[in-house]
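Participant: Each chain, letter by letter, is given below.
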Amino acid sequence: MSMEEKRYDRVGEKLFHMVLDNGLSIYVAPKPDFQKSYAFFATNYGGMDMRFRLDGKWLDTPAGVAHFLEHKTFDTEEGNALQDLAANGASPNAFTSTSMTGYYFESTEKFEENLKILLSFVSIPYYTQESVDKEQGIIGQEIRMGDDEPDTQVFYGMLEGLYAHSPIQVNIAGTVDSIAQITADTLNLCHRAFYDPGNMVLCVAGDVDPERVAAIAEEVLPKKGHPPVERDHGEVEAPQAHKQTWEKVMAVATPIFQLGFKDIPPEKGNEWLKWELTGNLACEVLLGSSSPLYAQLYNGGLINESFSYGCEAYLGAAFLCAGGESRDPEAVRSAVLREAERICGEGIDEGLFQRLKKAAYGCMVRDLNSFENICVNQAMAYFSGYEYLTFPQCFEAVTKADVEECIRRVVTKERSTLAVVKPKEAIQ
Amino acid sequence: MSDVTRKQLLPGVFLTSVHTKKFKSSMLSMTLLTPLRKETAAVNALIPYLLRRGSEAHPDMQSLAAALDELYGGSIEPAVRKRGETQCLGFVGSFLDDAYTLDGTRVLSKAAGLMGELLLRPYTQNGAFSPDYTRQEKANLTDRIRSEINDKRQYAVSRLVEEMCAGEPYGVGRMGREEDVEVITPSSAWTQYQELLAHSRLEIYYCGSAEPEQVCLVLRDALAELPREGGYEEGKTVVTDGAASVRQVTESLDVAQGKLTMGFRTGGITSASSQYPALILCNALFGGTTTAKLFLNVREKLSLCYYASSSIDRYKGVMLVSSGVEFADKQRAEDEILAQLEACRRGEFESWEVEGARRYTVSSLLTVLDSQSRQEDWWLAQAVAGSGQSPQELAQAVENVSVEAAVSVAQGLCLDTVYFLKGVEK
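Protein sequences, first through last, are from chains P and H.
If you read the first sequence in the numbering used here, its first letter stands for residue 1, the second for the next number, and so on.
If you read the second sequence in the numbering used here, its first letter stands for residue 1, the second for the next number, and so on.
Chain P extracted, bound-state conformation (with noise of 0.2 Å):
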């Protein structure tokens, strides 16, 4: 094992980086002045998981499965992790995302004690039938608040929209049905196939040493791991949206909506990067808050303050959208698929591109003020085959050119889908 430095100057960071004889990669950024040290270990692991070959079969796995699997980790043969870390003053916690499960926890003393837990109990698996029937009831609850929370249904509106079949759709903590379903032996199954080292990264910022923390690494886990798991995410979908419209009547008091436009998913490596900080680009040119349509939108009433947007890739889906409240979401795509057609006739205006990548680029260094910003960020790129703080370099490669083709291919009537909650009538 050979530790690697990696210094990235004009952000003002550093990064200690190497991998292990089992396959994991850990990456350290050093946090001197700190009280707090931070660890994150994830698996490239995630809701849309649900189909893959183990040992030569393929296995088709319940919806919510990732997420199940998730809060049943805690528990160990002596009781459960989430409280030995918090007996220790640690905040500890995970999350399952659509294409990434992951458990971390923050501390002010005991930090080595602590990734010891933390290593300890995600690896080694203890799931009793007694435990998973008792989960049902708590992921019950958290699926039926969920049922209650419009932004949620509304974004899973959009990408049931968007997608055909992409598993990106389903709910990733998956319904009251599909998590019945669950047993001890799912969950051992989907642990030995995706909480392999090979397949899971490590990462570290605080004041702590980088040598101690791959010692301790190499002491708690498999000393082998395995090739990784084939996993099935269906046929590759079509360009264009698969519905352009979704609705759902909730108790809300104005609609609530999504707005999304789907693209072609872009490789592993650097392109994925540079998907990414374009299709940023792309949303601040055309809605930004120092956009014209922004000011449009604003000072017409069809946005407010609530209005956001951003882009995500998966493997085989990736979209730009947008979303917020309005009293007329219709409008709202109208008015952005005209803005388009105007960037695309007329070009950027080039000041206005230079100064949204001077604010884009200020905002990015100042999210590196949260370590678990800079933790996840950089297990998500570990993951997508890229490193997170060479982003200053790839955001300066990108052209007005590169923006302007992102707006022309994506932004059309029949890549889009508008997801509404809108509001009972009685209410209104």
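The hints are simulated quantities; they were obtained by calculation from the structure and are not laboratory data.
Remember, it's a predicted structure, so these values are computed and weren't measured experimentally.
Check the hints yourself; a few may be wrong.
Cβ-Cβ distance ranges computed for the label pairs, FRET-style [stated by the list, open to error]:
#1 L102/H to D60/P: 47 to 57 Å
#2 E230/P to V246/H: 56 to 66 Å
#3 G423/H to A215/P: 52 to 62 Å
#4 V11/P to D60/H: 31 to 41 Å
#5 D60/H to R192/P: 56 to 66 Å
Below, simulated DSS-like cross-link-like pairs (lysine-lysine); rule was C-alpha separation at most 25 Å, straight line [as the list claims (entries may be wrong)]:
#6 K6/P to K22/H
#7 K134/P to K31/P
#8 K301/H to K72/P
#9 K301/H to K134/P
#10 K22/H to K14/P
#11 K248/P to K268/P
#12 K14/P to K274/P
#13 K21/H to K358/P
#14 K422/P to K422/H
#15 K14/P to K21/H
#16 K72/P to K224/P
#17 K110/H to K22/H
#18 K22/H to K358/P
#19 K22/H to K110/P
#20 K22/H to K31/P
#21 K22/H to K424/P
#22 K7/H to K110/H
#23 K38/H to K7/H
#24 K14/P to K268/P
#25 K248/P to K301/H
Positions of the beta carbon are idealized from the N, C-alpha and C atoms, including for glycine.
Please build the complex by placing chain H on the supplied structure of chain P, with the hints as guidance.
Facilitator: For chain H alone, kept in the frame of chain P given last:
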């Protein structure tokens, strides 16, 4: 380590300045403190949003956005907060620290200038706020008030507080009432704005790499035109001891999951009380952490919910419990929450529970120092409470407080109101 200094810049204008090089950004906020009152809450809440629409030099959102872009994507956001019975109105800004600009731009002085300009020299028409801006921001404020219902978890807590403190200023929401928004005119908002500027205390917070003397200089400059006419009342939070009987309130909405919230009075304990560290420990033991009794029993043991937690308001002397449960499980959950409180009152704690609660609390206080926005909120809270206690000092007090003291606080908790949000009969 960081140095915190507090200084009076002008009459009724205070700067809390944190000098540190550990962040990539600097944070700056300007906040007017005024008593929270039913009649003025809405117009006050409107003012930061009106001011954020444009200034003399940057009369519309686009020119403001362009100015912020030039400051490396700096942000200046309107902020309307409720701290006890004080309404806090102003702006919170975050900017790239001078050390990381590509061309050596001095961001701080420009940022302070821009924020001062927004606060003091708004875009006007006929000597008052622009009618267009007023109309649009009134509509936005109304939407914002109505939208509280979208987040059912928070909505249930807000409704609990409204019901529990119906006769007290604390029962007023931070954004005021919808009916009070309707009657605002460009000139009535303007009059209230002048009133706030002249008579409210102004709290400024800065955190970043600039030297404190430099920060003072820049801010004195930015605020040179601030009218100061005395007064500077900030609202004293009235603390009620306990309720004579428990009120039960149930409402229906078209929801999938019920929201159970319970409001307790702390027997007069606030952040100004000597028992405050004991209250913090008591809350952590009861429902403030994942080692707390509510999490371990209502969630983990009985699988009744995904979340069940408690929190305290440091000014008002109240503790709020919040949980999401099936409609049919409401009584079971309520009984279990009260049973766990009884266990706290009897002092039934394992040593790991106490250790966990204490370590968690100390750690979360110390990590305030690692976040500019949490520090901003901390020092604003201290300013409202009239205290200069640092997070480290409170952490030390929690280290030293005894379990017996926490138990005695638990014994003094008095259930006031239970609010349950259930579904509609189908």
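Participant: Each hint: holds or not?
Facilitator: Verification of the supplied hints:
Distance hint check for L102/H and D60/P: the Cβ-Cβ separation is about 51 Å, which falls inside the suggested range of 47 to 57 Å. Here the CB-CB span from E230/P to V246/H is close to 59 Å, well matched to the stated 56 to 66 Å. The given range of 52 to 62 Å is respected by G423/H and A215/P, whose C-beta atoms sit roughly 54 Å from each other. One distance hint, 31 to 41 Å for the beta-carbon pair V11/P and D60/H, holds here, with the actual separation near 33 Å.
For the pair D60/H and R192/P, the beta carbons lie near 59 Å from each other, so the given range of 56 to 66 Å is met. Distance check on the hinted pair: K6/P and K22/H sit about 20 Å apart at the alpha-carbon level, within 25 Å; holds. About 40 Å separates the Cα atoms of K134/P and K31/P, which puts this hinted pair outside 25 Å; it is violated. The suggested pairing of K301/H with K72/P holds, with an alpha-carbon distance near 14 Å, which does not exceed 25 Å.
Between K301/H and K134/P the alpha-carbon distance is near 8 Å, which keeps this suggested pair within the 25 Å criterion. For the suggested pair K22/H and K14/P, the alpha carbons sit about 14 Å apart, so the restraint of at most 25 Å is met. Our distance criterion of 25 Å between C-alpha atoms is broken by K248/P and K268/P, whose separation comes to about 35 Å. Distance check on the hinted pair: K14/P and K274/P sit about 22 Å apart at the alpha-carbon level, within 25 Å; holds.
Proximity of K21/H to K358/P is assessed by CA-CA distance (about 22 Å); at most 25 Å being required, the pair is judged to hold. About 20 Å separates the Cα atoms of K422/P and K422/H, which keeps this hinted pair within 25 Å; it holds. Taken as a hint, the K14/P and K21/H pair is honoured in the structure, with Cα atoms around 16 Å apart against an allowance of 25 Å. Under the criterion of a C-alpha separation no larger than 25 Å, the hint pairing K72/P with K224/P is consistent with the structure, at around 24 Å.
Proximity of K110/H to K22/H is assessed by CA-CA distance (about 21 Å); at most 25 Å being required, the pair is judged to hold. A distance of roughly 22 Å separates the Cα atoms of K22/H and K358/P; the hinted pair therefore holds under the 25 Å criterion. Proposed proximity of K22/H and K110/P is supported: the alpha carbons are some 22 Å apart, at most 25 Å. Our distance criterion of 25 Å between C-alpha atoms is met by K22/H and K31/P, whose separation comes to about 9 Å.
Restraint check for K22/H and K424/P: the C-alpha separation of about 49 Å exceeds 25 Å, so the hint is violated. Distance check on the hinted pair: K7/H and K110/H sit about 22 Å apart at the alpha-carbon level, within 25 Å; holds. A hinted pair counts as satisfied when its Cα atoms are at most 25 Å apart, and K38/H with K7/H does not qualify at roughly 32 Å. Under the criterion of a C-alpha separation no larger than 25 Å, the hint pairing K14/P with K268/P is consistent with the structure, at around 24 Å.
Taking the CA atoms of K248/P and K301/H, the gap is about 35 Å. The hint is violated against a cut of 25 Å.
Consistency with the previously given hints fails for numbers 7, 11, 21, 23, 25, ordered from lowest to highest.
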